[in-house]
Amino acid sequence: GESVGLHLPTLSVQEGDNSIINCAYSNSASDYFIWYKQESGKGPQFIIDIRSNMDKRQGQRVTVLLNKTVKHLSLQIAATQPGDSAVYFCAESQGGSEKLVFGKGMKLTVNP
Amino acid sequence: EAQVTQNPRYLITVTGKKLTVTCSQNMNHEYMSWYRQDPGLGLRQIYYSMNVEVTDKGDVPEGYKVSRKEKRNFPLILESPSPNQTSLYFCASSPRGGSYGYTFGSGTRLTVV
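Protein chains in written order, with the numbering used here: chain A, 113 to 224; chain B, 39 to 151.
Hint data in this document are derived by calculation from the structure and do not stem from the laboratory.
This structure is a prediction, so every number in the text was calculated from the model and none was measured.
Beta carbons: idealized from backbone N, C-alpha and C, even for Gly.
Derived lysine to aspartate or glutamate pairs resembling EDC-like cross-links, with alpha carbons at most 20 Å apart:
| # | chain 1 | residue 1 | chain 2 | residue 2 |
| --- | --- | --- | --- | --- |
| 1 | A | LYS219 | B | ASP76 |
| 2 | A | LYS211 | B | ASP94 |
| 3 | A | LYS211 | B | GLU100 |
| 4 | A | LYS216 | B | ASP76 |
| 5 | A | LYS154 | B | ASP76 |
| 6 | A | LYS211 | B | GLU68 |
Each pair of labels, with its calculated beta carbon distance range:
| # | chain 1 | residue 1 | chain 2 | residue 2 | range |
| --- | --- | --- | --- | --- | --- |
| 7 | A | GLY208 | B | GLU108 | 24 to 30 Å |
| 8 | B | GLN41 | A | SER164 | 26 to 32 Å |
| 9 | A | ARG169 | B | VAL151 | 44 to 50 Å |
| 10 | A | THR181 | B | PRO99 | 34 to 40 Å |
Partial pick of chain B residues on the chain A-facing surface, computed with a CB cut under 10 Å:
| # | residue |
| --- | --- |
| 11 | GLN44 |
| 12 | TYR69 |
| 13 | GLN75 |
| 14 | GLY80 |
| 15 | GLY136 |
| 16 | THR141 |
So here's chain A without its partners, still in its complex pose (with noise of 0.2 Å):
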């Protein structure tokens, strides 16, 4: 399972501390952009989605914000907790293909 970080480019944090990864997409005709959080021993979980037709979404402690212009994606995620130690994956997919394309992946490891 931990194999899954090796290689990424690793974010830490403090417990508490507001945390930031950010995602480059390479296609400006996708329309869908989603966070999977990956845990050690684990598959990807659903995190947040957004369309293009938003540049901002909320959930429950994280919020994703979309920049078009620039192809750029971000996952917020506020109040860091131990928990939260993961690696985070965005993907995007263009509308009506099968496909979802996932970037490389962040470590996030928060330190109590």
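Given chain A's structure and the hints, the job is docking chain B onto it.
Chain B only, in chain A's frame:
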């Protein structure tokens, strides 16, 4: 509970010995997909299926086969496994494809020696 179930979770096998990894979903999803995950390479799609009897290649299909005889099941078949297929495999399903998100299984860690 809505879920994607893969079996086995762990498998060690020898080169050339055919194996099947099973995948089942209970959400009545149309789309199913197999991914492999390797350090430094991320999640790459192997095969996908848009419905019963409809399958197509993803980005890394070589050495793999799939079938979709029933809506809920999407097995991944390695006819003659090789060491470069040692990886972490995930099955996923979606109601209508990428633009509706995929739900992932817990993964199968395969080692081919």
